[in-house]
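Given these sequences and hints, build the entire structure.
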Amino acid sequence: MDAVSALADPGPEAALARRIAEAAPGRAPDAEAALYRLLAPRARRYGLRHLRDSEAAADLMQHVMALTLERLRSGALREPERVLSFVLGVCRLTVMDLKRGERRREELLQRYADALPMADLHVAPRLDHEHVARCLERLAERERAVIVMSFYDEQPAETVGAQLGLSAGNVRVIRHRGIDKLRRCVNAGRSAA
Amino acid sequence: MSGPKGAPPSHPPHLPHLSLQALLDHWLGDSDAAATDAADEHLMRCDACGAALDELIALGDGVRAALRAGGLLVVTSGAFADGLARRGLRVREYSLPHNGSVNCTVAPGDEVLVSRLQAPLAGVQRLDIRMLDSMTPEQPREQHDVPFDAQRGEVVYLNPIDALRRLPAHSLEVTLLAVEPEGRRELGRYTFRHAPWPAGGAA
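Line order of the protein sequences matches chains A and B.
Be aware that the first sequence starts at 3, since it is given in our numbering, and climbs by one per residue.
Be aware that the second sequence starts at 922, since it is given in our numbering, and climbs by one per residue.
Check the hints yourself; a few may be wrong.
Said to hold, decoys possible - Here are the simulated SDA-like pairs of lysine to any residue, each with C-alpha atoms no more than 20 Å apart in a straight line:
| no. | chain 1 | residue 1 | chain 2 | residue 2 |
| --- | --- | --- | --- | --- |
| 1 | A | Lys183 | B | Leu977 |
| 2 | A | Lys183 | B | Arg985 |
| 3 | A | Lys183 | B | Glu976 |
| 4 | A | Lys183 | A | His133 |
| 5 | A | Lys183 | B | Ser940 |
Stated by the list, open to error - From chain B, some residues computed to sit far from chain A (all C-beta separations above 12 Å):
| no. | residue |
| --- | --- |
| 6 | Arg966 |
| 7 | Leu993 |
| 8 | Val1023 |
| 9 | Asn1024 |
| 10 | Pro1041 |
| 11 | Asp1054 |
| 12 | Gln1060 |
| 13 | Phe1069 |
| 14 | Arg1087 |
| 15 | Thr1096 |
| 16 | Glu1103 |
Keep in mind that the hints were calculated from the coordinates and are not lab data.
The structure presented is a predicted model; accordingly, all values stated were derived computationally and were not measured.
Glycine included, each C-beta is placed from N, C-alpha and C at the ideal position.
Written as structure tokens, this is what we have:
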């Protein structure tokens, strides 16, 4: 699980991991909560990207964080400063297991669920779909078509292009332009609200 | 960008952020295995890029919600429309032959209204759509440079079903226009004769 050398740079995660590892088990609750708040959203994003399911991603996040904290508390994670590598490695292995059907989602939480600190996470607020619709209406026809078809099913450019008679490269250009406009419009509306 | 509450921000100063294009490619599956791994590693330590990805994910959720709410007029593909029905949405579809017409309505439980227009699209480089309804005949609406697949010979679009559901009986004339160097050439004209769903009628 330590294959990711680029993640070995010391950062706030490493400092927090060292505090947890150096304390008696369970005696660094502030550090545990802070590490959870830092890493849990990243594990969740990994799950969203690779599992395409928000509940599965949330389960992955809980499993990964519980396992990480348990390993830090017990001293089993011998290089706490490599905690990012450990977390990414657990994410990858768990997603592979889930995709192979070797691990069921329900199993993820069974062993370590009680070990998680209580920590509130920032979750991006849901957007007002009527405002998003108004912003979509302002896009050029091709941009709107490509954005809707790309994001509704989270489809790659080649799939969308094949359906619209466009090249994948063209779809990527239209998609980039469209999402940039959409993002600006939505953010402008949120700022004005 | 500040870090989560109780912890300092996490992003090494020497690490360049992922571009919007890279994030889009990562999220929508357009990056190869090496680029995907690199993006995963970056996102595991960069909260600014994580927040940008969260923003894209939220936009995607908003796009899905807007489509499901029936507020969009959007040209799409037959395959995409077929997929909506497979995913359990209640889809009402009207498929018109070249220059055809149809009596149409929207049932209370309908979630998506699809129009398919057969047309001779071979050789067409650019396509516009003009829509003229009988309630506001002086106000034609135009969609410019719409995407289409000439090989399939049809133009497919999703209607703003939520607004249509509330409209009285009327007709809508849809004209497909090929845009050519000499000007626009009419490719086909289609008529939808809309009637509201009868009060108390079963869907």
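We went through each hint and held it up to the structure:
1. A/Lys183 to B/Leu977: holds, 12 Å
2. A/Lys183 to B/Arg985: Holds - the C-alpha atoms of B/Arg985 and A/Lys183 are around 17 Å apart, at most 20 Å.
3. A/Lys183 to B/Glu976: Satisfied, since the Cα-Cα distance of roughly 13 Å is no more than 20 Å.
4. A/Lys183 to A/His133: Measuring from Cα to Cα gives roughly 13 Å; hence the hint holds.
5. A/Lys183 to B/Ser940: Holds: A/Lys183 and B/Ser940 sit about 15 Å apart, inside 20 Å.
6. Arg966: It is violated; B/Arg966 is separated from chain A by about 6 Å at its closest Cβ, not greater than 12 Å.
7. Leu993: Its Cβ does come within 12 Å of chain A, the nearest being 6 Å, so this is violated.
8. Val1023: At roughly 23 Å from the nearest Cβ of chain A, B/Val1023 sits farther out than 12 Å, so the non-interface label holds.
9. Asn1024: holds, 27 Å
10. Pro1041: holds, 15 Å
11. Asp1054: holds, 17 Å
12. Gln1060: holds, 16 Å
13. Phe1069: Answer for B/Phe1069: violated, closest chain A Cβ roughly 6 Å.
14. Arg1087: holds, 15 Å
15. Thr1096: Since the minimum Cβ distance to chain A is about 15 Å, B/Thr1096 lies beyond 12 Å and the statement holds.
16. Glu1103: holds, 22 Å
In this structure, the hints that do not hold are numbers 6, 7, 13, in rising order.
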